[in-house]
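Asker: Letter by letter, the chains look like this.
Number of protein chains: 2
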Amino acid sequence: MKPIQVGLLGAGTVGGGVFTVLQRNHEEIERRAGRGIEIAVVADLDQERAAQIVQNRAKIVTDAYQVINDPTVEVVIELIGGYGIAKTLVLAAIAAGKHVVTANKALIAVHGNEIFAAAREKGVIVAFEAAVAGGIPIIKALREGLTANRIEWIAGIINGTTNFILSEMRDKGLDFEVVLKEAQRLGYAEADPTFDIEGIDAAHKASIMSAIAFGVPVQFDKAHVEGITNLAAIDIKYAEELGYRIKLLGITKRTPDGIELRVHPTLIPKDRLIANVEGAMNAVQVFGDAVGTTLYYGKGAGSEPTASAVIADLVDVVRYQSVPADKRVPYLAFQEDKVINTVVMPIGEITTSYYLRLKVADETGVLANITKILADQDISIDALLQKEALAGQNQTDLIILTHKTQEKRMLSAIEHMTKLPTVLGGVIKIRLEELS
Amino acid sequence: MKPIQVGLLGAGTVGGGVFTVLQRNHEEIERRAGRGIEIAVVADLDQERAAQIVQNRAKIVTDAYQVINDPTVEVVIELIGGYGIAKTLVLAAIAAGKHVVTANKALIAVHGNEIFAAAREKGVIVAFEAAVAGGIPIIKALREGLTANRIEWIAGIINGTTNFILSEMRDKGLDFEVVLKEAQRLGYAEADPTFDIEGIDAAHKASIMSAIAFGVPVQFDKAHVEGITNLAAIDIKYAEELGYRIKLLGITKRTPDGIELRVHPTLIPKDRLIANVEGAMNAVQVFGDAVGTTLYYGKGAGSEPTASAVIADLVDVVRYQSVPADKRVPYLAFQEDKVINTVVMPIGEITTSYYLRLKVADETGVLANITKILADQDISIDALLQKEALAGQNQTDLIILTHKTQEKRMLSAIEHMTKLPTVLGGVIKIRLEELS
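Chains as they are written, first to last, in my numbering: chain F, -11 to 424; chain G, -11 to 424.
Accuracy of the hints is not assured; some may be wrong.
Since the list can't tell identical chains apart, any single copy or any two copies may satisfy a pair.
Below, in silico cross-link-like pairs of lysine to any residue (SDA-like), each with a Cα-Cα straight-line distance of 25 Å or less [to be verified]:
hint: 1; residue 1: K258; residue 2: S424
hint: 2; residue 1: K315; residue 2: E15
hint: 3; residue 1: K110; residue 2: Q309
hint: 4; residue 1: K(-10); residue 2: V327
hint: 5; residue 1: K326; residue 2: R419
hint: 6; residue 1: K407; residue 2: S341
hint: 7; residue 1: K160; residue 2: S424
hint: 8; residue 1: K110; residue 2: R19
hint: 9; residue 1: K210; residue 2: Q54
hint: 10; residue 1: K315; residue 2: H14
Keep in mind the hints are simulated off the structure, nothing from the lab.
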């Protein structure tokens, strides 16, 4: 049987990985898929870079429509990235009746509902394993491996750049800005790292997992997103002293009041497996009512790890392209008519535990005032750490871990605390999750 | 559409879990599968136990053939266990044209090749996600998630009982026999724990993963199997001092000389994620050439975790029963005509690192003799720990970590060591894997 003919849009790092892996493992892949996979034509505006990557292994064109409208092409891989031209081209490929494989989390997170609707109309596959957690087959696990479960929550380290930065900040006691520069020098962070360090990339991925886990539409626009740019090394240190590690987590939970969907730095107990995921590695912890906790760990980015996911999707296309569309695994795991439009709760409505750091005057009665404010909001204290004032200073750090409470209660308590004359400056608040 | 009609053979703990989860999550499951799943008839010799578990939710019979030959039954779940009657019934179900879902690792490990051949003949699905690592969707990850990769090796904590025992031995410094009794009392070990503690259960699972990873037949009969019954608390302690943890691993590797397939206690560096998998939890680390390391963690046993895997297989049957057999994912991941009969190497041929513990006389020249023996076999030393002799004793423990060498060289070195008059008693040898 003739190899399946693939068109590639965007010949960058991941595209290079796809070529390399397909070439190196073509025999192994065909032993599994029962059919070869061949990239026949590649579109990229940068002909020189494309030529370097493609190395005469495929035809190179500048016009993406020459790929999309090529009658021999059965699948289009989109590796352009971003929401702009990528969206237009993916919709054009679908309209042309091509199956699509994409690694583009931004695209799926922002325009997924529209794209899947178009694909459903044309009966084509849109596969996106590479869009979440790179080489880890987490989309397959959620869509197919855990189908027996009512999934209760997901918490993931799904951005390698920020996990690398946080690991370095902890190991070396350095501040964010210093480590970011180092990460950029080493290639772990991009020249413009905004999407990573502000949590947007993680929110894209969390939004996709949320939809697949709960059978709701992709709702990136409703996600609460905080990055790590304001995180101080001292909070990482205090968290360690209290037995916690700080990670940037993408979290989505099902609650009786709606869905939580949020990305922010989070304290987690040190002895959780996910707390020990270091450097640029990714991990996703999933809690299902039948299976309990499962965790999936691996490289979340990089040329070949991402190519691993892209090619796994191509193998699935080989297998399932001849299957009637209504028998395939649904794009977002749930049958289209069974997707429920559950509301994503505003951040004020969510319930979690908190780490608070206050700079307080070293005077009697300070603690009494603060604990009274918490008690007034019905917030109970789980642990408290008061540092000794340094010699010659009459101020000190006070760290409080609370039990679970609603965010708006906590915000109200903080507002009251900052008004106390003995509380000097703002109150640092970091959310805490037990993940058990 | 009418729910798919399922027959169940064996109404025990897992069968109960399947009923409970199907009932509790029927809506969620149908939202995904697009069709309901209904257990219509259950066969069990113990009518009383069956009645308790089934609770009028299905017809109960004593004769398994009444399930197999029921024309309304489309899928048969086999939860009897063991190689005996389970094999006869699974083959009978296949012969009757039924799809089969089984949690029976012994059956697949020992008779898998025969069963898959029969199933291929009849064009039916035989699904066995629950046979390896319980609720963790590791079969799906290996068969479908990592299809781009040349898988190089797998190392798994795939027996919860022994991992629980090893965790307790380390935490409490207790010996094997003591902890085993405690584990039996708590229900973590069975009354007859032979299959678990002797490594046989882990070897069943490793044999299945080996076949799926490398595209070879299931070769349980060629696995090298050592359990944890001879493991001393002191070795766990010394390993910790050297920065290692001891786990019972199921290991399978691809080497230029053949396939390694072995189960034995193994030292692994403490900072590996898998070294931190505690209690009865399971984890499987997979190394693929494109994706690098991925790891899958969760509950490897228990009623609902196992049911989670069984029901995921049922959902797959709902989806793929109408797909032509040659388009489905092959039973053992590779197309039948592409399975290669690669030899499993005898244990003497494998290459790994070693932990050695010797009781030696506290005399000059002892170390020189021992290191010379290792040097003669071309074995280089990675670390050495000599304990101070206790007051009044003229013997001491010597611990050696070696670099990689072939097992037969190590055995030869040990034979020479035991002949030294300064080496008192036998030499304890535990294999060591870096897993990087």
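Asker: Run every hint past the structure and note whether it holds.
Answerer: For each hint, the structure was consulted:
Within a single copy, K258 and S424 get their C-alpha atoms as close as 12 Å, and across copies as close as 22 Å, so both meet the 25 Å cut-off. In the homo-oligomer, the alpha carbons of K315 and E15 lie at most 25 Å apart only across protomers (18 Å), although the nearest pairing inside one protomer, at 29 Å, exceeds that limit. For a Cα distance limit of 25 Å, the shortest separation of K110 from Q309 qualifies both inside one copy, at 12 Å, and across copies, at 23 Å. Proximity of K(-10) to V327 under the C-alpha cut-off of 25 Å is restricted to the inter-copy arrangement: shortest distance 21 Å between copies versus 38 Å within a copy.
When the C-alpha separation of K326 and R419 is checked against a cutoff of 25 Å, the pair qualifies neither within a copy, at 33 Å, nor between copies, at 52 Å. Only within a single protomer do K407 and S341 lie at most 25 Å apart by alpha-carbon distance; the minimum there is 22 Å, versus 63 Å between protomers. In this assembly of identical chains, the alpha carbons of K160 and S424 lie at most 25 Å apart only when taken from different copies (23 Å versus 29 Å within one copy). With identical chains, the CA atoms of K110 and R19 are at most 25 Å apart between copies only, with a shortest distance of 22 Å across copies and 30 Å within one.
In this homomeric assembly, K210 and Q54 never come within 25 Å of each other (Cα to Cα): the closest approach is 37 Å inside a single copy and 54 Å across copies. In this assembly of identical chains, K315 and H14 lie within 25 Å of each other by CA distance solely across copies; the values are 19 Å between and 28 Å within a copy.
Comparing the model with each earlier hint shows violations of hints 5 and 9; every other hint is respected.
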